[in-house]
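Asker: Below are the chains, spelled out letter by letter.
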Amino acid sequence: MAEKIVEVKNLVKRYKELIALDNFNMEIEKGEVFGLLGPNGSGKTTTINCILSLLNYNNGEIKVFGEKMKNDRYDIKKKIGIVMQNVAVFDELNVYENIDYFCGLYIQDKQTRKQYVEDAIKFVGLENFTKFKPKKLSGGLLRRLNIACGIAHKPELIIMDEPTVAVDPQSRNKILEGITELNKNGATIIYTSHYMEEVEQICTHILIMDKGKNVAEGTSDELKRSIKNTENVIVDIKKLDDRHVEAIGKLNHVYDVKYMSDRLMIKCAGGRHNISHVIDYFAQNSIDYDRIYSELPTLNDVFLEITGTSLRDQEA
Amino acid sequence: MFMNLLGKQLKLGFRDKSNIFWTLMFPVLLGTLFYIAFGSIYDTFLQEPVKTAVVFETDNPEVISNTKSFLEGLSLNDGSTKLLDISYLEYSEAEALLKDDEKVNGIIKVADTGRLSLDIYSNGVRSTIQQNVVTSYNQSLELIERTAKDHPENLADVIAGLQKDTSHIAAKSLVGDNKDPFLTYFYSLLSMTALFASLSSLKIGNRSQANMSAVGARANVSPVRRMMFQATGFVSSYIVQTVVLEIALLYMMFVLKINFGGDKPLILATAALASLVGVSLGFFIGNIGSFRIEKKEGILVAVTLVGCSLSGLMYGDMKAIITEHCPIVNKLNPAAVISDAFYCLNMFGPGERYLQTVIFMLGISSVFIILGLVLGRKVSYDSV
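In order, the protein sequences belong to chains Z and W. Counted the way the working numbering counts, the first sequence spans residues 2 to 317. Counted the way the working numbering counts, the second sequence spans residues 4 to 387.
FYI, nobody ran anything at the bench for these hints, they're computed from the structure. One or more of the hints may lead you astray.
To give an idea of the chain Z side of the interface with chain W (calculated C-beta under 8 Å), a few residues [what the hints assert, rightly or not]:
(1) Leu-55
(2) Val-88
(3) Ala-89
(4) Phe-91
(5) Tyr-97
(6) Phe-103
(7) Gly-105
(8) Tyr-107
(9) Gln-109
(10) Arg-173
(11) Leu-177
(12) Glu-178
(13) Val-258
(14) Met-261
(15) Arg-264
(16) Met-266
We treat Cβ as the ideally placed atom computed from N, Cα and C, and that holds for glycine.
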């Protein structure tokens, strides 16, 4: 049985009347890249802050490295690295000095620290920017600096709270490669993000939370198998009468059809050769179309099916 | 860990450009401006005696003789220029001339008791000098009377001492002696600089509290105790601000050649203590609540500016007016307390009154530090 790095049991956190975490449970095993997903306000950051003992909570238990986590457990904190959602660096210090400052909170020996700082700089690819102040860095470079500050001391558990927000694709790729490498080097990683493709790409285990609860969990494939949607058939088509849309909705295994912006989206639950049923229908009704293809459900489909499609920021 | 963190905090402090501007460049610029403005007023004044009407409200020949001797004997630094250009007039004539400021700057009335009083038409440099003359004369007279009554054997010594002392009144200069009325502006400027130090220490709380900044959150998840951040932050902030304040003070003393009076090392030590008051104030405010640092900066700037205004930054006589009407304000106003420390050192030397001010400054700093520590020791937060 793999060693449990983080155990959260029946965690309850209330902000006055609002229940941010409602008997939330989570277990993270050593060596995992653990994806924590959820809509805005679902409780991801609150969970992380509770794990880090930054937040008081009303009920429940949190263990990190098998020990009860408390604010004064400096021995546990020493093994944790955190990459904040907001960039947490000093404007007055340059790249090297910033990393050295935060690494210095963990590593006392100067020589070791120097080596660690250089490793971190190399790791995030900031070798050419060591003398740059944060204000001179682009958004992507700044995010990379933020990551370097969080991981320079080579922690065993790294918590990354949306580290790729507002980052260009090149920097994002670099960051994701880095996370995979950190994991290969033995670090356990908790990763939160709104980018499903990122989570699908790097996470070995995914937990979806909503309204402070654990609503689904497993590997990416397990989660995909757990939902109703098994196949999406997409048809690019210029014109389609409502009666045809309605008729397609009644085909075998089809449970949802939407036609908008010259695109027909057909969601299927179970069954095989769903695409051929749709092609047959078009042929029988002499309907011309541009392109038709089939896709397996993505993590995004899993996420939307589990958490719904309503806008969370607008909910009271 | 302490030294490692302190070194880095010092680096942060010395690189904080906005803070260095407000605590070094601003006082240097404003001090230079004060020097240019008041220096020229004083220079103009020094070139010509202050036109003064003297009205005798007594026929006592001894009083008349003594007063005339005193007033006519006052001279400027070099002794060749009279301090007062005196006209002996009836009150009605003097009053008419007083309304035309060019002709008479003030009326000194001599009572039967020998006491002097002053009527002025408007406040200004000249009326301040006249007021000093009147106050000093009355204090001397009172001292002589008291000595004559209680210790007549010491009367000769007292009179000799007073004769020496009265020359001070005439020897005032912005860059020469230590009783210049404009010095109040420089005291207030030093107070303001010391209190602006609070803008630096304000960041200590911000950088060590998880609910105030991302950097604070990162500090809180590290294996370093919050007290360590607070302690190194406070010490570094104090070192930076003291160095900066001393540089501003040395600039005034040695470049502008402002004579603050008293021992130079003690003046520098007083500045270091003033810096402690400012840094402690910022440390306290920085640890209050979780509201945005910009709001806290606003509070500190308001406290500093209002405090310094009340201590005479904008109107030199303000502190005296408050002392007369509501003295408690001066006791509670950190700017007035700091300003008073420099004033006491200058006027009375490192005596009892100076010591009281120093104790008060240490006390107020201790209170701020303790409150800051109590507020900053929070372990976990309800909201981050």
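Asker: Each hint should be assessed against the structure and marked as holding or not.
Answerer: Structure-based check of each hint:
no., hint, result
1, Leu-55, "5 Å, holds"
2, Val-88, "7 Å, holds"
3, Ala-89, "4 Å, holds"
4, Phe-91, "6 Å, holds"
5, Tyr-97, "12 Å, violated"
6, Phe-103, "6 Å, holds"
7, Gly-105, "5 Å, holds"
8, Tyr-107, "6 Å, holds"
9, Gln-109, "7 Å, holds"
10, Arg-173, "20 Å, violated"
11, Leu-177, "22 Å, violated"
12, Glu-178, "24 Å, violated"
13, Val-258, "44 Å, violated"
14, Met-261, "40 Å, violated"
15, Arg-264, "41 Å, violated"
16, Met-266, "40 Å, violated"
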